[in-house]
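Asker: Protein sequence lines correspond, in order, to chains A and B.
Heads up, the final residue of the first sequence is numbered 383 in UniProt numbering, and it's a clean run with no missing numbers.
Heads up, the final residue of the second sequence is numbered 383 in UniProt numbering, and it's a clean run with no missing numbers.
Think of the hints as simulated: they come from the structure by calculation, not from any bench.
Just so you know, even glycine gets a beta-carbon here, dropped at the ideal spot from N, CA and C.
Hints may be right or wrong, so weigh each one.
Said to hold, decoys possible - Derived CB-CB ranges, DEER-like:
hint : chain 1 : residue 1 : chain 2 : residue 2 : range
1    : B       : 362       : A       : 360       : 27 to 33 Å
2    : A       : 379       : B       : 95        : 48 to 54 Å
3    : B       : 240       : A       : 364       : 38 to 44 Å
Said to hold, decoys possible - From chain B, some residues computed to sit far from chain A (all C-beta separations above 10 Å):
hint : residue
4    : 45
5    : 48
6    : 50
7    : 95
8    : 120
9    : 260
10   : 267
Listed below, chain by chain, are the residues.
There are 2 protein chains.
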Amino acid sequence: MTQPEETATKRKTPVVDIHTHMYPSEYISILTSRTSIPLVRNFPNSPDPRLILLEAEVPSLEKATHDGSPSTIPGRPLTKHFTSLAQKLAFMDTHNIAISVLSLANPWLDFLSPTEASPIATSINTSPSLLLRLPSPNRPLTAILSFVTTSLPKFPHCRGIILGTSGLGSGLDDPDMLPIFSALAESNLPVFLHPHYGLPNSVFGPRAADEYGHVLPLALGFPMETTIAVTRMYLAGVFDAVPKLRMILAHSGGTLPFLAGRIESCVLHDQKFARAVKEGTRRTVWDVLREQVYLDAVVYSEVGLRAAVEASGGGKEGAAKLMFGTDHPFFPPVGSEKGDEDGEWESVGLNAQAVNRAFGEGSEEAEMVMGGNAVKVLRLYEQ
Amino acid sequence: MTQPEETATKRKTPVVDIHTHMYPSEYISILTSRTSIPLVRNFPNSPDPRLILLEAEVPSLEKATHDGSPSTIPGRPLTKHFTSLAQKLAFMDTHNIAISVLSLANPWLDFLSPTEASPIATSINTSPSLLLRLPSPNRPLTAILSFVTTSLPKFPHCRGIILGTSGLGSGLDDPDMLPIFSALAESNLPVFLHPHYGLPNSVFGPRAADEYGHVLPLALGFPMETTIAVTRMYLAGVFDAVPKLRMILAHSGGTLPFLAGRIESCVLHDQKFARAVKEGTRRTVWDVLREQVYLDAVVYSEVGLRAAVEASGGGKEGAAKLMFGTDHPFFPPVGSEKGDEDGEWESVGLNAQAVNRAFGEGSEEAEMVMGGNAVKVLRLYEQ
Numbered sequence: 001m002t003q004p005e006e007t008a009t010k011r012k013t014p015v016v017d018i019h020t021h022m023y024p025s026e027y028i029s030i031l032t033s034r035t036s037i038p039l040v041r042n043f044p045n046s047p048d049p050r051l052i053l054l055e056a057e058v059p060s061l062e063k064a065t066h067d068g069s070p071s072t073i074p075g076r077p078l079t080k081h082f083t084s085l086a087q088k089l090a091f092m093d094t095h096n097i098a099i100s101v102l103s104l105a106n107p108w109l110d111f112l113s114p115t116e117a118s119p120i121a122t123s124i125n126t127s128p129s130l131l132l133r134l135p136s137p138n139r140p141l142t143a144i145l146s147f148v149t150t151s152l153p154k155f156p157h158c159r160g161i162i163l164g165t166s167g168l169g170s171g172l173d174d175p176d177m178l179p180i181f182s183a184l185a186e187s188n189l190p191v192f193l194h195p196h197y198g199l200p201n202s203v204f205g206p207r208a209a210d211e212y213g214h215v216l217p218l219a220l221g222f223p224m225e226t227t228i229a230v231t232r233m234y235l236a237g238v239f240d241a242v243p244k245l246r247m248i249l250a251h252s253g254g255t256l257p258f259l260a261g262r263i264e265s266c267v268l269h270d271q272k273f274a275r276a277v278k279e280g281t282r283r284t285v286w287d288v289l290r291e292q293v294y295l296d297a298v299v300y301s302e303v304g305l306r307a308a309v310e311a312s313g314g315g316k317e318g319a320a321k322l323m324f325g326t327d328h329p330f331f332p333p334v335g336s337e338k339g340d341e342d343g344e345w346e347s348v349g350l351n352a353q354a355v356n357r358a359f360g361e362g363s364e365e366a367e368m369v370m371g372g373n374a375v376k377v378l379r380l381y382e383q
Numbered sequence: 001m002t003q004p005e006e007t008a009t010k011r012k013t014p015v016v017d018i019h020t021h022m023y024p025s026e027y028i029s030i031l032t033s034r035t036s037i038p039l040v041r042n043f044p045n046s047p048d049p050r051l052i053l054l055e056a057e058v059p060s061l062e063k064a065t066h067d068g069s070p071s072t073i074p075g076r077p078l079t080k081h082f083t084s085l086a087q088k089l090a091f092m093d094t095h096n097i098a099i100s101v102l103s104l105a106n107p108w109l110d111f112l113s114p115t116e117a118s119p120i121a122t123s124i125n126t127s128p129s130l131l132l133r134l135p136s137p138n139r140p141l142t143a144i145l146s147f148v149t150t151s152l153p154k155f156p157h158c159r160g161i162i163l164g165t166s167g168l169g170s171g172l173d174d175p176d177m178l179p180i181f182s183a184l185a186e187s188n189l190p191v192f193l194h195p196h197y198g199l200p201n202s203v204f205g206p207r208a209a210d211e212y213g214h215v216l217p218l219a220l221g222f223p224m225e226t227t228i229a230v231t232r233m234y235l236a237g238v239f240d241a242v243p244k245l246r247m248i249l250a251h252s253g254g255t256l257p258f259l260a261g262r263i264e265s266c267v268l269h270d271q272k273f274a275r276a277v278k279e280g281t282r283r284t285v286w287d288v289l290r291e292q293v294y295l296d297a298v299v300y301s302e303v304g305l306r307a308a309v310e311a312s313g314g315g316k317e318g319a320a321k322l323m324f325g326t327d328h329p330f331f332p333p334v335g336s337e338k339g340d341e342d343g344e345w346e347s348v349g350l351n352a353q354a355v356n357r358a359f360g361e362g363s364e365e366a367e368m369v370m371g372g373n374a375v376k377v378l379r380l381y382e383q
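Chain A on its own, in the form it takes in the complex:
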């Protein structure tokens, strides 16, 4: 299979978006049938159905349910950006993205029992509404980050697994997760770790729900959840037990690059780890970051991106660990003037700009982050 034709820009390698989501129709049906969060609901005074995912939205959902035609409609509009493959392709064209590595967005099927979830997972993993196919010169499109079912997904377009932080219900440091991680590692399928639960509402205080929109749960809760999940895996020894395991951490690792030094220091200074420290055999957080972890480049700043690269080994070694993403269809433009969802999205521009500022536009490292790494790591041109 050859590489897709070059686009009109000066970019040498095609842009790959490794963090981009869709909800196929089978999944929307499930969410629409639900009465508690997560759910999809119609309101008479809202043009689109509303997608209500966050625990932080419970108060506004309750208020809206009570009010009927509420003045403040909870959740976010479930536009065609969430559900339409044609829209995904248009979005890709607008932003010069050659390949999208699709994943189902949160909360996946966390709200179902394993028995209920398994057949639905299989159905979604192979949904015809996604028209899944490998990238080709004809229409460079989509590989997929599927999600775990009772058996591993073996279909040819699957290039990895998207996984939330709950695992089997008690976190990814659960020993019962080890066989799953081992099977994924043996199948050469990286795990894309993605947040959903954020943090309990209480930590954001009594004013957050009314006054700060979704900012605190999304800006802080999500990356903190990811950081906690992967640190729990590290402390439980998952990376040592499954040395072939490869993780891709959403949102540039949450906050892991910034906090890695503090985690390492806290381990060095905790009686619980004194023996492992003394024996000198333990692998540090830095070792794991360099050897088993990739980060998406969805951090919206040059400051964050540089820290992510440095934590991943720095220089070209570090740049080889970062992969561009958009988080589409989340974070659409807001406001009456810039609010054209068919135009360019500022959320995408912020991340592309961070890559250009950190490495220099067109530099080898920028090309790697914008697409070259994903092609290699996710074997995008392999059958």
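Got chain A sorted already, so can you dock chain B onto it with the hints?
Answerer: Chain B alone, transformed into the frame defined by chain A:
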């Protein structure tokens, strides 16, 4: 007042430690009298009393209370490093620290009602056991970051205020905090924001308490608490309402430098802030970081320190915002060989090393971070 005599090293400016705590005897008495966390308790099989501060320690405290002479003793030893001024001076000599800017450690008097707390706060702020005095050539020692009482502390050695994230009980975005912030700003007293509560135990999962020691609450809970608190202040408009307010954020801002881009993007993409964004009058998180925020350099890695400097404006402007600290008496050496608490502390070395690596040992920026900035910002040589 002249500067202290130069020490034996090649450093041009004296090293100032702006993040260093003590518990005066008056405070230890209060903690010893308590039956719920935070508290100090003696166990028959522990040489030192135990300091038990974290909510995460509730299970181990309950187990230890039940067992009498427990095999796992909760909390940490309350050594002379926490209580003795002579020990603080010895620690400073060992680490070539010329000036310590002392503060009471968490949880301050958060567990008392304002009526109960007020007289005790005054007593601790002026405790003779701390022998507070301004730095002098004779014995370069201590300014203090005091804490808020019903009236502002006006004694001459006070150079700022240490403040937890709870404020008057519902966070620092509480409108009732504004007069306090205004008064502090008018008095030119910066606020040293310091965590204590971390995050609810539940987020660390069922294995944390037994298996990971204090790592998760200290390495992740603490910096996340700080980040949430200051972001709530930002979203509530506190920095705009009190433009003279100056904050010093513990642990290099928690995770603020890394997440600032994501916070900014989430604001840009939230309907709640659409009008402010459209009007173009709002100050960004980056503006606030550059104009009203200082960060300590307690981040234990070059990666984190660089991100902190870049988020603060980068280059010399950014370096002017960072101030070295040790977090003494927390994070003493662990283990039988390195566990000599009278020797050099690795926790101190990690942070000094990060400064040297980020800026080059002896560089102008390194000297600024290691002491020069603190002398200016906290007016350490002014009467």
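Asker: Each hint should be assessed against the structure and marked as holding or not.
Answerer: Do the hints match the structure? See the list:
no. : hint                        : verdict
1   : B:362 <-> A:360: 27 to 33 Å : holds, 30 Å
2   : A:379 <-> B:95: 48 to 54 Å  : holds, 51 Å
3   : B:240 <-> A:364: 38 to 44 Å : holds, 43 Å
4   : 45                          : holds, 15 Å
5   : 48                          : holds, 13 Å
6   : 50                          : holds, 12 Å
7   : 95                          : holds, 16 Å
8   : 120                         : holds, 26 Å
9   : 260                         : violated, 6 Å
10  : 267                         : violated, 6 Å
When each numbered hint is compared with the structure, violations occur for hints 9 and 10.
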